[in-house]
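So the protein lines, in turn, are chains Y and D.
Using UniProt numbering, the first residue of the first sequence is number 1, and each one after it goes up by one.
Using UniProt numbering, the first residue of the second sequence is number 1, and each one after it goes up by one.
It is possible that part of the hints are untrue.
[To be verified] Some chain D residues judged to face chain Y by a derived CB distance under 8 Å, without partners named: (1) R20; (2) A32; (3) Q34; (4) K67; (5) E90; (6) T92.
I should point out that these hints are in silico values taken from the structure, not numbers from a laboratory.
The beta-carbon is built from N, C-alpha and C at its ideal position, and this holds for glycine as well.
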Amino acid sequence: MEGNTIEVDIKVPNKTRYLSLIGKIGEDIARELERYSGDKEILAYHLNLVLTEAMVNAIKHAGPKEPEKLVRIVITLHHDDLTIRVYDDGQGFDINSIPAPNFEELEDRGRGIFLIRTLMDSVAYRKNCKENMLEMKKKLG
Amino acid sequence: MNLASETRNDVVIIYVKEERLDAHNSTELKSAVQKLFEDGKKNVLVDLKDVRFIDSSGLGALVSGFKNAISHQGNLKLSSLQSQVKSMFELTRLHRVFEIFPSTAEAVENFQS
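Here chain Y stands alone, though its shape is the one from the complex (with noise of 0.2 Å):
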C-alpha cells in the first residue's frame, strides 16, 4: 500500500465497549505496511494502545453518559507518515498541564498521556468553539 495515502475516518458511539473494534484497526494498518522495517507486531501493539488510550480520553471529554454522544477518530497514512487525529466536543483539557507520571509514587492513574507521547512521535492537542482534536504523528520510515 506504499505510496498512496490511506485514510480511515471513523464515528463511534462513545462507549468503551469500542475500544478495542478501533484498537484493532490500528493493529490491521500495522500489518499492511510492507516496507516497514521494524518489528510489526510491537507497532500493532503501540497503534493499538494509543488508539485505545486517545478514545478513552475522548470519552472522559465528552462525557461517558451521553451516550448519543460519537467520537470521530481519523487515521492517516501517507508515504511513511502515520497521522491519528480524534475529536470529541466535550469541555477539552490543557494537554500541557498534563504531569509526567511520578514513577516513585503509586498513582491508580495518569499514565495515557504519558503513554501516548512514549509511543508517538508528536503530540498536540487543539480546542476550538465546536470541537478538540488530539493529534499523534509518528514516521514509519
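Keeping the supplied structure of chain Y fixed, place chain D upon it in accordance with the hints.
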C-alpha cells in the same frame, strides 16, 4: 468480564480470561481483587496468561489491587505475562513495583517462601 479463580496453598489465583484488559473491563478486576482483601484473603495472584493487551486503565486496576494488598497486610503478585504486556510494565516502571513470575506455579511457590 470473564474471571476464573482457584485457591492453591492459601493463594487465591485469579485468571483473567480476557484478551484485553482495558478501560472497558478493568474496573471489574479492580473490584474483584478489592473484595478478596476485604474478605480477609492475604495472598492474591493475578494470572495474565490470556491477556494479550493491557492499557493504562488495566495497569491502574492492578496498581489499585497492589495498594489494597498493602493496606490489608496482604500480597498481590502477577504471573504469566505475555511479552508485550510485560513491556507495558517496563515502560511505566511498574515492573519495579510488582513481583512478576513466569508461571502460576512459580508464583504460588514464592508465596510460600
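Structure-based check of each hint:
1. Hint on R20(D) holds. Least Cβ distance to chain Y is approximately 6 Å, under the 8 Å limit.
2. For A32(D), the shortest C-beta to C-beta distance to chain Y is roughly 15 Å, which exceeds 8 Å, and the interface hint is violated.
3. Given hint, Q34(D) at the interface with chain Y, is violated; its Cβ is 12 Å from that chain's nearest Cβ, farther than 8 Å.
4. Proximity of K67(D) to chain Y holds as hinted, the smallest CB-CB distance being about 6 Å (cut-off 8 Å).
5. Taking 8 Å as the C-beta cut-off, the interface hint given for E90(D) is violated, the closest approach to chain Y being about 11 Å.
6. At its closest, the beta carbon of T92(D) sits 5 Å from a beta carbon of chain Y; the interface hint therefore holds under the 8 Å criterion.
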